[in-house]
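Asker: Turn these sequences into a full structure, and let the hints guide you.
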Amino acid sequence: MNTASRMESHGIPDNIQICEATYQVLKDKYLVENRGLIKIKGKGEMMTYLLYGVK
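Counting from 1, one number per residue, gives the positions in the sequence shown under the UniProt record's numbering.
What the hints contain is simulated information worked out from the structure, not anything from laboratory work.
Just so you know, not all the hints are guaranteed correct.
Label-pair restraints from in silico Cβ distances [said to hold, decoys possible]:
#: 1; residue 1: 55; residue 2: 2; range: 26 to 32 angstroms
#: 2; residue 1: 5; residue 2: 37; range: 15 to 21 angstroms
#: 3; residue 1: 21; residue 2: 41; range: 24 to 30 angstroms
#: 4; residue 1: 55; residue 2: 5; range: 25 to 31 angstroms
#: 5; residue 1: 6; residue 2: 54; range: 24 to 30 angstroms
#: 6; residue 1: 34; residue 2: 3; range: 14 to 20 angstroms
#: 7; residue 1: 52; residue 2: 21; range: 17 to 23 angstroms
#: 8; residue 1: 47; residue 2: 5; range: 14 to 20 angstroms
#: 9; residue 1: 2; residue 2: 24; range: 16 to 22 angstroms
#: 10; residue 1: 12; residue 2: 41; range: 14 to 20 angstroms
#: 11; residue 1: 34; residue 2: 8; range: 16 to 22 angstroms
#: 12; residue 1: 34; residue 2: 14; range: 17 to 23 angstroms
Don't be surprised by glycine CBs; every beta carbon is placed ideally from N, CA and C.
Answerer: Here it is as structure tokens:
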């Protein structure tokens, strides 16, 4: 399994969850909310965010 698949398994239905790297690229143009740390098997804890739309 890859990271995206593992993140998806911890997602919230009908929401877009993104990782820290994606957040850094999108944060100035999109509305995002810090979801906090989630444990990802094989990766440890990852900071995640929810993407809501364009600013």
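Asker: Any hints this thing doesn't respect? Which numbers, in order?
Answerer: Hint check: 3 fails alone, others pass.
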